[in-house]
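Chemist: Chain by chain, the residues run as shown.
There are 2 protein chains.
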Amino acid sequence: MANVYDEAYALETAIRNSNDYKELQELYAQLQADETGKKLFDNFRQVQMSLQQKQMQGEEISQEEIEQAQKQAQLVQQHDVISKVMESEQRLSQTLTDVNKIIMKPLEQLYEGFDNENE
Amino acid sequence: MANVYDEAYALETAIRNSNDYKELQELYAQLQADETGKKLFDNFRQVQMSLQQKQMQGEEISQEEIEQAQKQAQLVQQHDVISKVMESEQRLSQTLTDVNKIIMKPLEQLYEGFDNENE
Ligand SMILES: [Ca+2]
Ligand SMILES: [Ca+2]
Numbered sequence: 001m002a003n004v005y006d007e008a009y010a011l012e013t014a015i016r017n018s019n020d021y022k023e024l025q026e027l028y029a030q031l032q033a034d035e036t037g038k039k040l041f042d043n044f045r046q047v048q049m050s051l052q053q054k055q056m057q058g059e060e061i062s063q064e065e066i067e068q069a070q071k072q073a074q075l076v077q078q079h080d081v082i083s084k085v086m087e088s089e090q091r092l093s094q095t096l097t098d099v100n101k102i103i104m105k106p107l108e109q110l111y112e113g114f115d116n117e118n119e
Numbered sequence: 001m002a003n004v005y006d007e008a009y010a011l012e013t014a015i016r017n018s019n020d021y022k023e024l025q026e027l028y029a030q031l032q033a034d035e036t037g038k039k040l041f042d043n044f045r046q047v048q049m050s051l052q053q054k055q056m057q058g059e060e061i062s063q064e065e066i067e068q069a070q071k072q073a074q075l076v077q078q079h080d081v082i083s084k085v086m087e088s089e090q091r092l093s094q095t096l097t098d099v100n101k102i103i104m105k106p107l108e109q110l111y112e113g114f115d116n117e118n119e
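Line by line, the protein sequences are chains Z and V.
First residue of the first sequence? That's 1 in the UniProt record's numbering, and the numbers climb one at a time after it.
First residue of the second sequence? That's 1 in the UniProt record's numbering, and the numbers climb one at a time after it.
Honestly, the hints are just simulated from the structure, not real lab data.
Ideal Cβ placement from N, Cα and C applies to all residues, glycine included.
Any given hint could turn out to be false.
As the list claims (entries may be wrong) - Negatives, chain V to chain Z, calculated, CB over 12 Å:
#, residue
1, L11
2, D42
3, L51
4, I61
5, E67
6, L75
7, Q77
Stated by the list, open to error - Where chain Z lies over chain V, by a calculated footprint (3+ residues, C-beta under 8 Å):
#, segment
8, 20-26
9, 91-104
10, 108-115
All chains, full assembly: derive it from the sequences and hints.
Modeler: Printed below as a string of structure tokens:
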């Protein structure tokens, strides 16, 4: 019987060897070499995170902040490498979300079965 | 090269076949057959969840609620099957936390490497 940890490491290796992962690695390297692009991207990330944090903490976000964020989003989308980075990140993130659903299924089913029989 | 989804399903199977998973399945079946124990456990779960929710929403938790929850926790710990269920759940949950760390490592390292080179 395959050990859970062995299988987890096998999955980790499969992720590292996946085309999506290698592509993102390559795109990051390209962006790293592009000083202006990297700054643009870092700035975009920071603004996104600060807005998310404000939202989570229930702080108000001004109309000006929203407009600035939108302008910045348009700007990064026009940047060839950055737009590719963002698409690639989204694909990898979707795969990892799927993977998480797959491996949480056994526990989920156990809880469901346990709960429902008593209702 | 092994496909990410194939490896995820192999990991899922390993989880289902693990001793910890089978043990928890068996313990749930035992608790299901014990009407009083099952009610005690369901009640305990509900109180825990409601307290967690209050905490997350920043609502105040009264001294009385805390004392009730503590009494209930003592009660379930004295129940043989329930205390085993709780230990078993904790073991499985620790394994899944470890697994999650293992499979998130590649992405984490990618981000770290990307970030640090520019600092
Ligand atoms: Ca239920
Ligand atoms: Ca950094």
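Chemist: If a hint holds in the structure, say so; if it does not, say that too.
Modeler: How the hints compare with the structure:
| no. | hint | result |
| --- | --- | --- |
| 1 | L11 | violated (4 Å) |
| 2 | D42 | violated (7 Å) |
| 3 | L51 | holds (19 Å) |
| 4 | I61 | holds (20 Å) |
| 5 | E67 | holds (27 Å) |
| 6 | L75 | holds (19 Å) |
| 7 | Q77 | holds (19 Å) |
| 8 | 20-26 | holds (count 3) |
| 9 | 91-104 | holds (count 9) |
| 10 | 108-115 | holds (count 3) |
Violated hints, listed in ascending order, are 1, 2; each of the other numbered hints is respected by the structure.
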